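Asker: What follows is the residue order along each chain.
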Amino acid sequence: MTDMLTPVLSSQWGQDKSWKLARYEATGGYRALRTALDMQPADVVGLVKNANLRGRGGAGFPTGMKWSFVPQDNPNPKYLVVNADESEPGTCKDIPLMMATPHTLVEGVIISAYAINAHTAFIYCRGEVLHVIRRLQQAVREAYAAGYLGRNILGTGYDLDIIVHAGAGAYICGEETALLDSLEGRRGQPRLRPPFPAVAGLYASPTVINNVESIASVPSIVANGADWFKSMGSEKSSGFTIYSLSGHVKRPGQFEAPMGITMRQLLELSGGMRDGHTLKFFTPGGSSTPILTDEHLDTPLDYEGMAGAGSMLGTKALQVFDDTTSVVRTTLRFVEFYKHESCGKCTPCREGSWWLVQLLMKFEAGTAEEGDVDKLLDICDNIGGRSFCALADGAVACVTSAVRHFRSEFEQGYHTPARELFPYEKSALFAAEGDR
Amino acid sequence: MSVEAKTTAAEVAPKPDLVTLTIDGTQVSVPKGTLIIRAAEMVGTAIPRFCDHPLLDPVGACRQCMVEIPDAGNGRGFPKPQASCTMPVAEGMKVNTQLTSPVAEKAQRGMIELLLVNHPLDCPICDKGGECPLQNQALTNGPGESRFTELKRTFPKPVSISAQILLDRERCVLCARCTRFSEQISGDPFIALVERGALQQVGSYEQDPYDSYFSGNVVQICPVGALTSAAYRFQSRPFDLVSTTVTCEHCAAGCELRTDHRHHQVKRRLAGDNPSVNEEWSCDKGRFGFMYGRGDDRVTRPLVRRDGVLEPASWPEAIDAAVQGLKAAGSSVGVQTGGRLTVEGSYGYAKFARAVLGTNSVDFRSRPASAEEAGFLASTVAGATLGGSVTYADLESAGRVVLVAFEPEDESPIVFLRLRKAVRKKGLKVTTLAPFASRGSEKLSAELVATAPGGEAAALDGLTDLDSGTVILVGERAATTPGLLSAVAAKAAATGARLAWIPRRAGDVGAVEAGCLPGLLPGGRPVADAAARVDVASHWGLDSLPADEGLSADEQFAAAARGDLKALVVAGVDPSDLADPAAALEGLEQAEFVVSIEQRTSLVTERADVVFPAALLEEQSGHFLNWEHREGRVRIVNRNVPSPMTDLRILAALADAMGADLGFRSPKQAYADYTELGAWDGARPAAPAVAAAPAASGLVAAGWRELLDASQGNDHELALRATARPAVARVSAATAERLGLAEVAAVEAGGVTTVLPVEVTPDMVDGVVWLPLNPGVGERLPVVPGSAVTVSAVSVDEGA
Amino acid sequence: MSGHFTSHFPESGSVDQSDQSTSIDETTVAELRELAGRYPQPRSALLPMLHLVQSVDGRVSPRGIEVCADILGITTAQVSGVATFYTMYKRRPAGKHHVGVCTTALCAVMGGDALLERAKKRLGIDENQTTPDGQVSLERLECNAACDFAPVMMVNWEFFDNMDPAKTDELLDSLMADEEVVSPRGAALTSWKEAERVLAGFPDGRADEGPSAGDASLLGLGIAADNNWSAPEADAKPAAETPEAAK
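Protein chains in written order, with the working numbering: chain A, 1 to 436; chain B, 1 to 800; chain C, 1 to 247.
Okay, chain A solo, but in the shape it has when bound (with noise of 0.2 Å):
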């Protein structure tokens, strides 16, 4: 039986200077590197297959299985691309990890990266975490310095170079094509598939686009091995994974477990609700996950349990409401930054974002009309689903399934504000400290 928490990739968060390559080394760090760079490409693209580790950025594709489909007889180059984007809604795992432990990251590009034979690799890194690029920045010109990176690496012929990447302000650049058009300099609008990256990526060249999380977690599974790491988790979910709780419970914050701790155990570890308050709902993994409520608190938090409760294990992101939350308000601040965020490529995202906002103002609002409930599930089904990627679903799902779990509370927007029935203060941090 494996622990409650399994700290792999958190492991030396807590050390001093934990970002230093000399940190790293000393606590084993690059010895992954030495062992890959023995192995045939293939043979660690095999063990990543093999290990089953799933892409932590939210879809779960087989890690290994999306390197595998990198044709090898492209005559064009090929790129790694990691996805340091983070911008989901209620995620906040690779942001620490990059601030913490930037050297795992790197040297899971230079492993991962090996394993496609890939010698350009880009960290595109959301830009509005700046002491996190400045990090990333020195992670990577320390493992420069140290031969890890540039030409011939370790005198094993291979050659690679990472280039940081700083975005400039879009969660679509999230979404792996949009992320290739933004690094190519572009408006970070998705692209057609297909073709797909792996065969015509970033320059139309081949491309693997990974999570930090994913591409972090390789060191270690080169260095303990594809068992080990399916010792965690269950056979459709292996591993370890990073679970962020956030909201109104005491304490909210990383914990780093195998896949399939559950909703109860994860508040449990962080003592619970805020005081006098019972949980009303979450949302499993960032904000395009449709939301739960305490009847899922025992649902294993893997792929095959979240979707077997209507949602989706997303980035594992619990943002956790309590009972003084107006659900009514929640949807829309969610619906609001879909709108936001919505590229404008594609009409029902772009119109429909439009139309929702304003027709969820009027929920809020208590103005709504009679009727209106149902209309606005009809327009989430003439946007879900019809739109060009996943963004417009994320921005339906929140609704759906919160008119599902509160069709009533929703109701009451026809007379009745949503201030009144949920005071607002009452569900900021400052005020109830007031209250106490």
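If you are wondering where the hints come from, they were derived from the structure by calculation, not from laboratory data.
Hints should not be assumed to be uniformly reliable.
As the list claims (entries may be wrong) - According to the in silico footprint, chain A covers these stretches of chain C (three or more CB under 8 Å from chain A): (1) 26-40; (2) 48-60; (3) 87-95; (4) 98-106; (5) 138-148.
All values reported here derive from a predicted model rather than from experimental measurement.
Built from N, CA and C at the ideal position, the CB exists for glycine as well.
Assemble chains B and C onto chain A, guided by the hints.
Answerer: Relative to the frame of chain A, chains B and C by itself:
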């Protein structure tokens, strides 16, 4: 592709490149790679769409064309409706459109409703109303009423993105057709999507307006009224217009256009749909350049010079005067036909010269020309047919295209578009022999062989890897470089490369075929060949034709100036187009008698003894032959005209009064006469073998005429004129330094000086100054490519 | 309450052309070229280049757009399309310090909305405005990936975690007074322009300042240590293969 019933498909195995699928229960076989939306068109089902355009890369942005796919061909269906404009068909696929699928129907209705959320619904005041895909599809595929009662996005009303194009962002549905056109088709991405989300909009950068020779296309392909042209804005409602399919008169590309008129006035022209020629595009000159006959300078009545003054006269008076003058001249007459004539018109002049006046002195070339060129046209161009010529399709399938004295974007813009398409889609390699990498050649990713005027023959000789997959395109200005056309013909013969001559004007190939050259009878028959003369003479019912080769246009003016040629009959010639305008004017002034057949008053009519008003192109019918030798129909658009007399009818009347019979007076009769004569099946003259002249020493001029210049065809369309490229003098950095040039230069040749801004141009050959050889910008320099010029610096104060 | 729905956009579509001022000089142009040279294809450098433009001109200036277009061989419209797509690019000069208050759902509910109102009052400006002395500019942010520290504010893209009214007042006062402020999870604040220079790819040598992680990031780690929980040893067997062992 077959749209037949199932039995056919079952009995006959589909060709390997066909894919069979079922749309709304109807089986259809279509070529592999066909998009579902177009496969549906083949069974007669129109799936509504906005962003989809068959000539643009799929984008899948508007999401209007959703269909249900219960089986993707692998036994599994898509759980949600799919955009049919981005998904190719698959064998065994089942597609249900709005006709049979409630899911697809609801998806489409929902999408229309969403598209109208932020649309102003100002159809009653919108130019697009009545021909608007959004309006139409909202009615056919949308809900009758919107449930949207909230706030619409508003922007300030129209913004100009160029002098010609206006943008109303509120109407825009963000389909990105315009931005994709400008990026993919014409290569002028001066408009782009800007902002994001609900604020996304089409935008340009304020200081850099939408600078494109093809900008009007974005108005035409806009599926709403967001893009309008200054020329047509608020001019008419589409349902009040009468449409006529015509061929553009502005260049030799041969574009099919749709001319829309109302109340006997052309209101607009649109690109026609001719996949073999212009596909669905046109250039702005062809689209907007139809105002040239609207000015006060239109000749509406015959004029006769009496006591030195041109005065209005009746037709009989004018004809009598002309006949008197021409009879006095005998066969000492030169005929110049210009570039505006249909095949029928040219054939009329060619026959009038030989059969009525008794001279071979007829020449269509109202531009710098040469005897070598006449020989080249006789040996290599005349008598060709579409089947034997290089075509647009050949450009698309060529492995390599070599441009010689030819700048397609300026000199044949639809050829440019086709080359660009081939470069983008088929990896065509373009090589250009030019003094610098022009904007057009950059857009073709062309390999530049930097060549000073005069050096083209040597440069062509230096290309070692031409073969039968190569096409050489040579422009009309090759005539000004001695030896070049000879070298081109020789190179093609030696390598097996195919060769096409692409003149600028719409009438030029037709004029060659009609025999408007001093050494060439209709159908490519050499005047020097007695059998050819007999052939034509017997067709025309004459005993014989004049046997002496006539005078070229330049020779005619010179002879008239010397008193060796008595009379001139001049059609659409603008002396400022000629190599030596002064010599032409001198010839006109010294000639004893000048008949001008013209649409508008000009330097020629001013010097004529008799002027006949000729019909505009929109007032007559006939044909053009484009550079491929493809026929394009000219049709009467406007029947309510100031003068019903076409060139042909004027010539027929003159012939009649001179006691001869032209044999036809209508285009139909002339066309029958011309086609009946047919092409010459005898021996062609050998290609010319003129040696290249030694390169001129010192500074020489290079240049060509840009598409939008001050030529008369662009008159009275101010917005079009305003989108012309600014005139500059281009020099290399080394030349600029040697000449001490900074911002402004004075360029002098033949006693004429013009002052131009200097643009130091990378990769430009040294010792050359490139100038736009456009007429009308002040006094035009009397230069052709290769002419010696002097250039000096002008201080900015002085230049201003 | 969100109350910030706008439907009329009189000035959208481009950077501010009425302000043509620029401090871009030869050095900047050389650095922009250097950025373009760092990538396999130069256009990839456009986002960093625009960050650098902001570090010099305090906004995306017309000159900045023109220089980027010139260096990359693309049109100004294309650069403008990129510059207006991303929210970090500013049309008007930002303050010396740029303050963002997260008002995405979780932060909003937990106090972000109130903090934004408070900041507006304290600074006497509305969102997307700059104080008259040019010291502080203010905007509402979408989720900045620090939800376990909600409500969150950012100054010059450094984290200010677990904010409350008192801390907000103190922070804003210090910024207005130009006092030294240190991010609890980052470095001592420099300025928004200097931050933009780092984002462009020119490090400022401050990576070693600040802690490894904030308390919330270390929460699970601490609980694991308290309970002696850890990842399995390297020779562990897959869970699926040893169903008995799992019991």
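Asker: Against this structure, judge whether each hint is valid.
Answerer: Taking the hints in turn, this is what the structure says about them:
Check on the region 26-40 of chain C: 3 of its residues sit with their Cβ under 8 Å from a Cβ of chain A, so the three-residue criterion for coverage holds. Look at the region 48-60 of chain C against chain A: 3 of its residues bring a Cβ nearer than 8 Å to a Cβ of that chain, three or more, so the hint holds. Only residues whose beta carbon comes within less than 8 Å of a beta carbon in chain A count, and the region 87-95 of chain C has 3; three or more means the coverage holds. Under a criterion of three residues with beta carbons nearer than 8 Å to beta carbons of chain A, the stated coverage of the region 98-106 of chain C is upheld, 5 such residues being counted.
Requiring three or more residues with a Cβ within less than 8 Å of a Cβ of chain A, the coverage given for the region 138-148 of chain C holds, as 8 such residues are present.
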